[in-house]
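Got chain A sorted already, so can you dock chain B onto it with the hints?
Just so you know, the sequences run in chain order A and B. Just so you know, the first sequence maps onto residues 1 to 507 in the numbering used here. Just so you know, the second sequence maps onto residues 1001 to 1428 in the numbering used here.
Some chain A residues near chain B, calculated using beta-carbon distances under 10 Å: (1) Ser-390; (2) Ser-419; (3) Ala-428; (4) Val-436; (5) Asn-438; (6) Ser-441; (7) Arg-442; (8) Val-443; (9) Glu-444; (10) His-445; (11) Ala-447.
List of simulated lysine to any residue pairs, SDA-like, C-alpha gap at most 25 Å: (12) B:Lys-1005 <-> A:Phe-205; (13) B:Lys-1284 <-> A:Ser-440; (14) A:Lys-81 <-> B:Glu-1138; (15) B:Lys-1007 <-> A:Met-84; (16) A:Lys-255 <-> A:Arg-347; (17) A:Lys-81 <-> B:Leu-1324; (18) A:Lys-381 <-> B:Asp-1374; (19) A:Lys-407 <-> B:Gly-1371; (20) B:Lys-1326 <-> A:Glu-446; (21) A:Lys-378 <-> A:Asp-322; (22) B:Lys-1052 <-> A:Glu-444; (23) B:Lys-1046 <-> A:Tyr-433; (24) A:Lys-81 <-> B:Tyr-1050.
Just so you know, the hints here were simulated from the structure itself, not pulled from any lab data. C-beta: ideal position from N, C-alpha, C; glycine also.
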Amino acid sequence: MTALDTVEVKEGVDQETVDAVKELSGPYKHGWATDIEMEYAPKGVNTDIVRLISKKNKEPEWMTDWRLSAFERWGKMNEPKWAMVNYPDIDFQDIYYYARPKSMEEKPKSLDDVDPKLLATYAKLGIPLKEQAILAGVEGAEDMPAEGRKVAVDAVFDSVSVGTTFQAELKKAGVIFCSISEAIENHPELVKKYLGTVVPPSDNFYATLNSAVFSDGSFVYIPPGVRCPMELSTYFRINAENTGQFERTLIIADKGSYVSYLEGCTAPKRDVAQLHAAVVEIIIEEDAEVKYSTVQNWYPGDEEGNGGIYNFVTKRADCRGDRSKVMWTQVETGSAVTWKYPSCILRGDDSQGEFYSIAIANNMQQADTGTKMVHLGKNTKSRIVSKGISAGKAQNTYRGLVSMHPKAKSSRNYTQCDSLLIGDKCGAHTVPYIEVKNNSSRVEHEATTSKVDDDQLFYCRSRGMDEEEAVALVVNGFCKEVLQALPMEFAMEAQALVAISLEGSVG
Amino acid sequence: MALAKLKIDTTEARLADVDVPQGAAWGNAARADAMARVRQMGLPTKRDEYWKYTDPTSLTAVNASEAALFVNDEGPLFADVDRIKIVFVDGIFDADASDNLIGEGVEVERLADAMATDIHWAKDLYGVLEARGQNPVERPLAALNTALATDGVVIRVTGKAAKPINFIYLHKDVSSDAILHNLVKVEAGAELTLLETGPAAARFSKQLEVEVAEGGTFHHVRAQGRDHERRAVTHCFARLAANSTFKSFTLTFNGVLTRNECILEIVGDDAVAHVAGICVGDGKDFHHDDTVFVTHDALNGESRQVFKKVLRNGATGVFQGKILVKEGAQKTDGYQISQSLLLDEDSQFLAKPELEIYADDVACSHGSTSGAIDETALFYLRSRGVSHDDARNLLTLSFLAEALEEIEDEGLAEDLRARLEGWLTRHR
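Isolated chain A (complex conformation):
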């Protein structure tokens, strides 16, 4: 958007803020690819590939067996067809299941040894130099002075985690934040105890595939009573062509702990669709709290619907302990096809689950997303706020489940899902499932569908805004409830994303 260049910056507004917003404006800006030497496993998936991935990650035998049994099960499963999305059949044998930058074979000694293209990638993604060094796996980088903000980052480049920052500082607090392959190596007891307990390997087609072939991902363990000293963050980047990314995230918040976790994703523009099938498992013990925020900005494909990422993700949080709490916040602007239902199992008494979502679909994008709130414990509470925005020829579906188990006495759910349509070629759909099996619980569900209000647009226009700005403002207002739930850094980015995702959809 050029409008920003000409706008006079008001006193008190940080130039950095203006630059950040400017930076975020414009069409899909993460569409570049890094031409990096990659190491691939052969295309396709079979038991050999599963073994190979396991071997590359230096996994113990129990892990290899775990993967193989998942793979065997996957062979017997059918792709789910119930979602309101259409895409050509995926040839699962035409995908690379393992790819990693060659320079990662041996640990580089300094930034000079690192493939400069990999560094350039991080610079483009806006990761500070110090973190770049760590992400690039430079030995001793941890001891370099940090600059500015403190967010520990784990970056996953195609199939492998390329580095995690601030590990030493986190260690002081007792927090374990590393790639899942390292966790399998260094903390097998934790991985063994928790992996697959929230999303079992047999859960669904994509989760089962992920269980067999996940190549890396992040692992977080917050010990009892610890408030994680900084926000943890993961960047996912699909770079290589024809690859699938199957990352697995495992977060364990032990009794009385707290952590806020951010996840961001990007991918280059390719004209062939790429698969992303991730699994996120969160275990929350007594009195612990986890905030999980996602800004999903995978490449959405071009205006004709060519290419883009198929984002088939299983995310689930298990509130095991009493008074535990989870909050999912997601801003879904990317991906050609999204199939994602971050869920909360409210097992502990008085546990709480919250879900805030903005899903924006433009051009030929299709999003089928929502949440599941399964109330099992007494006095459990959940709140769902979902805002779906469709523009262009996009289809946007909210699909959700609220289930009150007979034993979940005095529980409470409130659901609000609103849809906004911009243009007459798009669709907005709501498919909620409500199952109430006791009477002391209250469930309320509300949904509305409307178009951008003409009066509001007219008012903005009369104050001198151009039409696109006016729509962006009205839409941001529509999304406010969700944007407010995001951590500060993300809220900014998300707000700008809302504006750019709708670019060109007016009229």
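The following block gives chain B in isolation, referenced to the frame of chain A:
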């Protein structure tokens, strides 16, 4: 694939000994087409998404389960209403008990007679709306009804009908298995009120196809009887032309299993479609399912769905409602509310209220709630000297009021309200 084949095999086995009734050419063809639809779709099973909350096994079984006869001590409903009575006993038309089938503004014939006539308007309606209604959601039990219906009447409304028509269903045989199919054609500017009352049979499959032409009005009020052991699946398919009005209200008491499907298609501009229902159920073996599908395919349409359920002692209530707004159906106003009042810990409410919208200049909303009686309101009434039971009745009736108000004729609404009050008093 294996699953689909199993379903088809099961369907074939079930249909092997079924006799399709024979009549004149067009009737036979319509039935054969419907049978082909059933074979292609397969009979429903609990595994189907559309039957997620209701088990269709007893509806598709070869033999109907027995249902004890119920003696209704309240006397017939709408007794004071001047109406044309059409009586069916266990699904068979009873000419002696029925009124003369001649009324001002209406032409009534028995389905068999219409089917024996080579050229008949019913040909363009029988099974036609049902076939249209198979997409996007398959309703094999409706097609099965079209194929196998043994009786029914066809009504053509040419002007403003002087009296309402009342279908009265009597149940006299403990193992009766009735399949009825009725047609109503409301011509341009014409108007009819149709009443349906009574329990019908041990197992009852009933279909109503309604075509409302431009400016026509169709009011429908039905009360499904108080007998406890009935199993019923009913379908109502309606197509609405420009400026037409369709309003349907259903009251369901008891019954082991009731599935009421209503499928409306608005094809003309400025049409109005309202569907409402109340169900009251008591006991673990009570299962009631309202399934509604409203399609807007014209400008400026208005649709309302208002469904209320009162459930106690482990009763189950299901609501599956959908508003589909097709591309170009601008200025649509769609509203849907489904609420349940659970009177005790064991009852359950399962709902799937859906919106599917492909037009941008529309206002559609839906709401769904479930909960117990408001203790504060109860306490307030008690503090004003109202007994606990009366207070509960009062609050329950006020909860149901929004749905009862959907009935335009106040006399009919008052009759049903009195029945509801009686039910609430008996079941506490």
